[in-house]
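Chains as they are written, first to last, in the working numbering: chain A, 1 to 114; chain B, 1 to 113.
Check each hint, because a few of them may be wrong.
As the list claims (entries may be wrong) - Listed below are the simulated DMTMM-like cross-link pairs for lysine to aspartate or glutamate, each with C-alpha atoms no more than 25 Å apart in a straight line:
1. B:Lys5 / A:Asp57
2. B:Lys71 / B:Asp24
3. B:Lys5 / A:Glu44
Unchecked claim - What follows is a list of derived Cβ distance ranges for each label pair:
4. B:Gln3 / A:Gly3: 22 to 32 Å
5. A:Gln17 / B:Gly16: 16 to 26 Å
6. B:Glu42 / A:Pro54: 47 to 57 Å
7. A:Glu18 / B:Arg61: 43 to 53 Å
8. B:Arg61 / A:Gly102: 12 to 22 Å
9. B:Ile112 / A:Val53: 46 to 56 Å
10. B:Asn7 / A:Asn52: 20 to 30 Å
Honestly, the hints are just simulated from the structure, not real lab data.
C-beta: ideal position from N, C-alpha, C; glycine also.
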Amino acid sequence: DAGVIQSPRHEVTEMGQEVTLRCKPISGHNSLFWYRQTMMRGLELLIYFNNNVPIDDSGMPEDRFSAKMPNASFSTLKIQPSEPRDSAVYFCASTPRVGYYGYTFGSGTRLTVV
Amino acid sequence: DQQVKQNSPSLSVQEGRISILNCDYTNSMFDYFLWYKKYPAEGPTFLISISSIKDKNEDGRFTVFLNKSAKHLSLHIVPSQPGDSAVYFCAASAGRGNTPLVFGKGTRLSVIA
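The shape of chain A in the complex, shown without the other chains (with noise of 0.2 Å):
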């Protein structure tokens, strides 16, 4: 199995540019999340799905913010646009099912905005 498969692996952009991240979750995983790593609030969860459904959002930080996940084995997550403060590294994890916490992470994609 090759685990959560983020990309790309580094992301350096402009600010006002768009910005997609992507993730492959392990397959047969029902449960996926996008969580951010910054210094400040460690890692924070932005949103998760439940068998493709987006079940909330309520972390996703403003509406530049917009996630994705059109079948059970590809989620978006979308800032448009990017800013500086933005920059963190974003983690996609899945799990079999909602309440199984072994939960597995991607090796996450370290955003940069300039």
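Chain B: place on chain A using the hints.
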């Protein structure tokens, strides 16, 4: 407001000694607690967990203690090894598994040989 707090950003311990990482929480509805370990350039990985019906869980060198009245948990690593050097995240969940994990800010552990 942070519901899960790790007040020590970093900790240094000599190899072979005990490492104690602490975590406090504010939400009395939390009923399941976990520790995750993170190496640089990797995602966090699950380390050990404890349910609120227990006060201790042990797995090899790692033991987690839960004090519900104090809303406090701790991770003990004995003996500490250089390979334990990583960032450790405390996490919690409420609602008997129906809510996602809430993480703390993490504590960076350095085990010095």
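The hints, checked one at a time:
no., hint, result
1, B:Lys5 / A:Asp57, "holds (22 Å)"
2, B:Lys71 / B:Asp24, "holds (6 Å)"
3, B:Lys5 / A:Glu44, "holds (12 Å)"
4, B:Gln3 / A:Gly3: 22 to 32 Å, "holds (28 Å)"
5, A:Gln17 / B:Gly16: 16 to 26 Å, "violated (50 Å)"
6, B:Glu42 / A:Pro54: 47 to 57 Å, "violated (27 Å)"
7, A:Glu18 / B:Arg61: 43 to 53 Å, "holds (46 Å)"
8, B:Arg61 / A:Gly102: 12 to 22 Å, "holds (19 Å)"
9, B:Ile112 / A:Val53: 46 to 56 Å, "holds (48 Å)"
10, B:Asn7 / A:Asn52: 20 to 30 Å, "violated (38 Å)"
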